[in-house]
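Taken in sequence, the protein lines are chains A and B.
The first sequence lines up with residues 0 to 567 when you count with numbering that gives the first Met the number 0.
The second sequence lines up with residues 0 to 567 when you count with numbering that gives the first Met the number 0.
Keep in mind the hints are simulated off the structure, nothing from the lab.
A hint or two may mislead.
What the hints assert, rightly or not - Okay, derived cross-link-like pairs now, SDA-like style, lysine to any residue, Cα gap no bigger than 20 Å in a straight line:
#1 A:LYS565 - B:ASP288
#2 B:LYS220 - A:GLY478
#3 B:LYS201 - A:VAL482
#4 A:LYS565 - B:GLU19
#5 A:LYS476 - B:LYS201
#6 A:LYS456 - B:GLU224
#7 A:LYS565 - B:ARG22
#8 A:LYS201 - B:PRO520
#9 A:LYS565 - B:ASP339
#10 B:LYS565 - A:ARG22
#11 B:LYS201 - A:ALA459
#12 A:LYS456 - A:ILE495
Being a predicted model, the structure only gives us computed values, none of them experimental.
Protein chains: 2
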Amino acid sequence: MVTSSKLLDTDDPMDPVTNEPARVEFETHPSRYKHWKLAVDGDVARLVMAVDADHPHRPGYELKLNSYDLSVDIELADAIQRLRFEHPGVRALVISADLDRVFCSGANIYMLGLSTHSFKVNFCKFTNETRLYLEDASALGGLASIAACRGTTAGGGYELALACDEIMLVDDGNSAVSFPETPLLAVLPGTGGLTRLVDKRKVRRDRADVFCTTAEGIKGKRAREWNLVDHVVARTKWDETVLARAKAVAAAQTITRGSAFALPALGGTVATAGAVDSLAYRFVRLVVDHATRTATLDVTAPDAVEDPDAIAATGAEPWALRAFRELDDALLHLRFEHADIGVVLVRTHGKHDVVRGCDEALAKSTTGFAREVRHLQRRVLKRFDNTARSFYAVADAADSCFAGVLLELALGSDRFYMLLDDKGTIGVSTSVANAGFHQTCTNMSRLEARFYGDPGKVDAILRRGAEGAIPTEEADKLGLATVAADDIDFADELRIAVEERASLSPDALTGMEASLRFVGPETLETKIFGRLSAWQNWIFTRANSTGEHGALTLYGQPERPQFQWKRT
Amino acid sequence: MVTSSKLLDTDDPMDPVTNEPARVEFETHPSRYKHWKLAVDGDVARLVMAVDADHPHRPGYELKLNSYDLSVDIELADAIQRLRFEHPGVRALVISADLDRVFCSGANIYMLGLSTHSFKVNFCKFTNETRLYLEDASALGGLASIAACRGTTAGGGYELALACDEIMLVDDGNSAVSFPETPLLAVLPGTGGLTRLVDKRKVRRDRADVFCTTAEGIKGKRAREWNLVDHVVARTKWDETVLARAKAVAAAQTITRGSAFALPALGGTVATAGAVDSLAYRFVRLVVDHATRTATLDVTAPDAVEDPDAIAATGAEPWALRAFRELDDALLHLRFEHADIGVVLVRTHGKHDVVRGCDEALAKSTTGFAREVRHLQRRVLKRFDNTARSFYAVADAADSCFAGVLLELALGSDRFYMLLDDKGTIGVSTSVANAGFHQTCTNMSRLEARFYGDPGKVDAILRRGAEGAIPTEEADKLGLATVAADDIDFADELRIAVEERASLSPDALTGMEASLRFVGPETLETKIFGRLSAWQNWIFTRANSTGEHGALTLYGQPERPQFQWKRT
C-alpha cells in the first residue's frame with residue numbers, strides 16, 4: 000500500500016500544526032557535524048562544542064553562546080557512539096568549547112519557549128539518555144570523560160559537565176558553574192542535574208539548595224570546596240593541565256574496546272500512504288497508522304547464526320549490532336515524529352535457534368567489540384523501556400520469534416499477547432541474553448523485574464528455556480504471557496485491547512506506565528526518568544513557567560514574570 | 000499585635016477566593032466521628048466506614064457510596080493514632096464498611112473536580128501519609144490491619160486496602176477490586192496504589208497494566224491468583240472468617256505497646272491581625288505573614304528534663320509527645336490554609352541540656368509508650384520533610400535550642416542560618432536522637448542524608464557532640480551550618496535570602512526541593528511521594544483530566560471527554 004518513498008531528509012517541511020520539523024534525522028557523521036569538532040590523538044579524543052548559531056533544529060531562534068537544541072545533542076550522541084566503536088584506542092574524552100569565555104550556556108531557552116510540551120519532554124529525555132551514555136561509556140566501555148570548562152558553564156551546560164567523570168573549571172575570577180533555571184526561568188535543571196548534584200557528586204543538600212537558587216552560580220575555590228567541580232585551574236596553565244589530566248585519566252582505564260568498527264549508515268526508507276507512515280530498515284520496520292493512533296514495530300532475525308567478530312572483521316555489520324541500531328533509530332522517530340501514536344504492537348520474525356545462536360556467540364566472545372555490541376543492545380533496550388508509548392508484544396504467527404534478546408522486547412512491553420495454536424509452534428525461548436545479560440535501569444534483568452520478589456520463577460523459566468522452545472500454553476503457565484488465547488478469540492481480544500488502549504488519556508497512561516514499569520530498587524537513572532522528569536513535566540505545564548506571564552515565556556523580554564503564589 | 004482570638008471552628012466561613020474552608024480542624028475524637036465507627040473488643044478493633052453523605056469537607060458534593068474526602072481521612076488518621084496510644088491492647092484492626100455491597104468507592108470525584116490544584120495535591124499527600132501510618136502501625140507498633148472488603152472496592156478504596164497487611168474480598172460473583180482512575184477519569188490512582196501493586200504486593204507488571212486499565216476491576220479467584228487480594232471468602236462465611244483471621248493476625252504480633260495514654264486535645268488558638276495569622280499551642284507557634292508570604296515556626300523546649308513514663312503515668316502529656324503533636328497539627332494548617340506561604344523560618348527556644356535529657360530519657364525507656372512517642376516524633380519529622388515549603392532554620396538568639404531532636408528540624412530544613420556571636424553562646428548540640436534514632440523516609444538518619452557518602456563526617460559530629468554544645472563557628476566547620484554570619488551581616492543576609500526565596504516560582508521550588516531533599520536509596524515511601532505524586536501532579540494539570548472537556552471535569556455527565564492525543 001506504499002505509494003511514495005524517499006530517504007529521510009533534514010530539509011523536510013515543517014509540521015503545519017506544531018511548526019516542528021515533520022522529520023528528524025538522527026543519523027549523522029563527524030564529517031557532517033555542524034556544532035561539534037571531533038579530533039582523536041592517541042588515547043585522547045577532543046570534542047569541541049562550536050555551536051553554529053545559524054543551524055538550529057527548527058527556525059525561530061539562534062543558537063547563541065554555545066546553547067544547544069536537539070540538533071546539537073544528536074551530534075553529541077553520535078560522537079560518543081562512534082568513539083566507542085570506531086576509535087577503541089581512545090580512553091579519555093575531553094569535552095570543551097571553542098569560545099573563549101563560555102563553555103556552554105545550556106539548552107536554548109527560546110527553543111524551549113517555542114516548543115510543544117511533547118517536544119520539550121522528548122527533547123529532555125533524549126538529552127538525558129545522551130548524558131547517561133557518557134557515564135555508560137566510562138563505566139562499561141573504558142572511555143572516561145572530562146568536562147574542560149574554560150568559561151561560563153550554565154544550566155544544561157553544567158548538567159553535561161556533571162555527566163562527565165571529572166569537571167575542570169577555569170579560575171579566572173569570573174567563570175562559574177550555575178543552575179539559573181529555577182531563579183530565572185521557573186523550571187528545573189531537568190537533565191539530571193539535581194539528581195547528580197546530590198546523588199552522584201554528593202554535594203550537601205543545603206549547599207545544593209543555595210547553588211540551585213543562585214542565578215550567577217559559584218566559581219573558583221568555593222566551587223571546588225562544595226564539590227561542584229573537581230579542579231580549578233588558572234587560565235595560564237589551562238591547556239597543559241587539561242592535557243595532563245586527560246593523559247592520566249586515559250592511563251587509568253582498565254577496559255579495552257578491541258578492534259575498530261566503522262558504523263555504516265542505516266539509511267532507513269520512509270513511505271507514506273494516506274494516514275499510514277512507514278519506516279523500513281534491513282531488520283526493523285515501523286508502520287504507524289495515524290487513523291487508529293497505533294503502530295506496529297517488526298524486528299526480524301538474521302537468516303543464520305552469526306559470529307559477530309568474524310563478520311565485523313570483513314567490514315560487514317553483524318545482526319546483533321545492526322538490528323539494535325535500527326531499533327534505536329526507529330524508537331527515536333516514533334518519539335519525535337509520531338506523538339499521536341499511543342499503542343505499538345511489537346512483533347518478531349525468524350528462527351528461534353538462530354537468535355539464540357547469535358546471543359550465545361555474542362556472549363561467548365571476549366573481544367572488546369563484542370562487549371560493545373552487548374552494551375549497545377542494553378542501551379537500546381533501555382531506550383525501549385523509557386519510551387512513553389503502550390507496547391503490546393504479539394506472538395501470533397508461525398515465524399514469531401521472541402527468542403533470547405528478542406524476548407527482552409516482550410518482557411519490556413506492557414503486555415504480551417500469545418496465540419495458542421493447535422500445533423504448539425508458537426512460543427518463546429530463552430538464552431543467555433535473558434539471564435542477567437541485559438540489565439534494566441534498576442540493574443535487574445527483565446525476567447527479575449517481571450517476577451520481582453520471586454527469583455524461583457526466574458530460575459524455573461531459565462532452566463526450562465535451556466531445554467528448548469516453550470510453547471504458548473506452557474509459557475502462559477510459567478507467567479510469560481499476559482494473555483494466551485486460541486484462534487477463535489485471539490484476533491478479537493487483541494483488537495479490542497488495542498482499541499481500548501488507544502482511547503485512553505495519553506497523560507494518564509504515561510504516568511501509569513512509568514509507575515508500573517520500574518519496580519524494585521531505584522538508581523540514579525530511575526531517579527532521573529521517574530522523579531526529576533516527572534516534576535519537570537508538571538512544572539512545564541504550569542502558568543508560572545509557560546503561561547502568558549510565565550518566566551520561560553518572558554525570558555529575554557523586559558516584562559517581569561508574574562507568578563501565581565500557591566504552593567502545593 | 001494579636002487583635003482577635005478564638006478556637007478553631009469547623010463552621011468557619013469559606014475562603015472567598017478558593018471556596019474551600021478557610022480553616023480545617025484536624026483534631027477530632029471518636030466521639031465526634033461522622034464517617035467512621037470505632038469499636039474495640041479485646042485485641043481486635045473494628046473501624047467501620049460509614050461515610051455520612053451529608054457531611055462533606057466543603058459544600059458542593061455528597062459523599063455517596065462510602066466515597067471519601069479530607070474530612071473522612073482526618074478521622075481515619077485520628078483513629079489509627081488513638082489506637083496506638085489509647086488502646087495498646089489492640090493488635091489487629093479490621094477496616095470494613097457498613098454498606099452491604101460497597102466497601103469504599105474511593106476519593107470523591109466531584110470533590111476533586113471542584114478543588115484547586117493545590118488542595119488536590121495536599122489532599123493526596125495527607126491521604127498518602129495516613130496510609131503509610133497504617134503500615135507504620137503494623138511494622139513498628141504491633142498493630143496489624145486487615146481490609147475486610149465485602150463489596151465494591153474501587154480506586155482509593157482499594158488503595159486503602161493495599162495499605163493494610165491483608166486484604167479479604169467477598170466472593171459473591173460481583174464484588175471486585177478496581178482502579179478505574181485511568182480508564183474513567185484520565186488520572187492515576189494517586190494514593191500509592193500503583194507503587195504498592197508492583198513493589199509491595201509484587202503483582203506482575205503486565206497484570207498490573209491490565210488491572211489498572213480495566214474499569215470494572217477483577218474479582219474472585221482471579222483477584223487472588225494475581226495477588227490483588229489475600230483471601231476470597233464466601234458471603235455466608237464472611238463474618239466468621241474475618242473474625243478468625245483478625246484473631247490469628249492479632250496473636251501473631253510480637254510488639255507490645257504498653258500502658259494506655261489518652262491523647263488530650265491540643266486546643267490551638269488562632270488569631271488574626273491584618274495580614275498576619277497566628278496559631279499558638281503550648282510549645283509550638285506558627286505565625287504567617289501573607290504580605291511577605293513568609294511564616295515563622297517556633298518550637299519551645301520544656302522547662303526541665305522529663306521522664307516520659309513518669310509524666311504519662313500522672314495523665315499529663317510529656318513534652319516529647321505534646322510538642323510533636325502540636326508541630327504536626329501546625330504543619331497541616333500551614334499546608335491546607337496558607338498555600339501562599341513560600342518560606343518558613345524555623346526557630347527553637349530553650350535549654351540544650353533539657354532537650355538532650357528528654358531525648359536520653361525517651362531513648363532509654365523500654366516501655367511501649369515511650370517507643371510509641373519515639374515513632375510519633377519520627378512520623379512528624381517525616382511530615383516536615385514532605386511539606387512543600389522552603390524551610391530555613393535560624394539560630395540567632397541566646398535561647399536558640401537546636402539540640403537533639405530539635406536539631407533534626409535544622410537538618411531537615413533546606414538551609415540552616417547560624418549567628419556567629421562573640422561569646423559563642425549560640426550553637427547546636429546532638430543527642431541519641433541524631434544517631435539513627437529518627438530515620439527519614441530513605442531509612443537514613445538526617446545526619447547521614449546530609450553527609451551522604453561520607454559517614455566519617457557523621458561520626459565526627461556525633462563524637463564531638465557527645466562532649467557538649469558546638470558553637471556556631473565550629474558547627475560551620477563541621478558542615479552543620481549553611482550560612483554562618485556575624486552580627487554585622489546576619490540580619491541583612493537572612494532578610495535578603497528570605498525575600499529572594501519568596502520571589503521564586505512556587506512550582507519550581509517544590510520540584511527542586513523534592514529532588515534535593517531525598518538523596519540516596521529509595522523506598523516505597525519515596526517512590527510514592529517522589530515519583531507517583533509527581534506524575535499525578537502533572538496529570539492533574541493536563542486538559543485531558545481537568546480541562547473543560549477532561550475526564551475528571553465531565554465525570555457523571557452525559558458528555559464524553561475529548562482528549563488531546565499527544566504522547567510525551
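Handout entry: Hints the structure fails to honour
Key = 12
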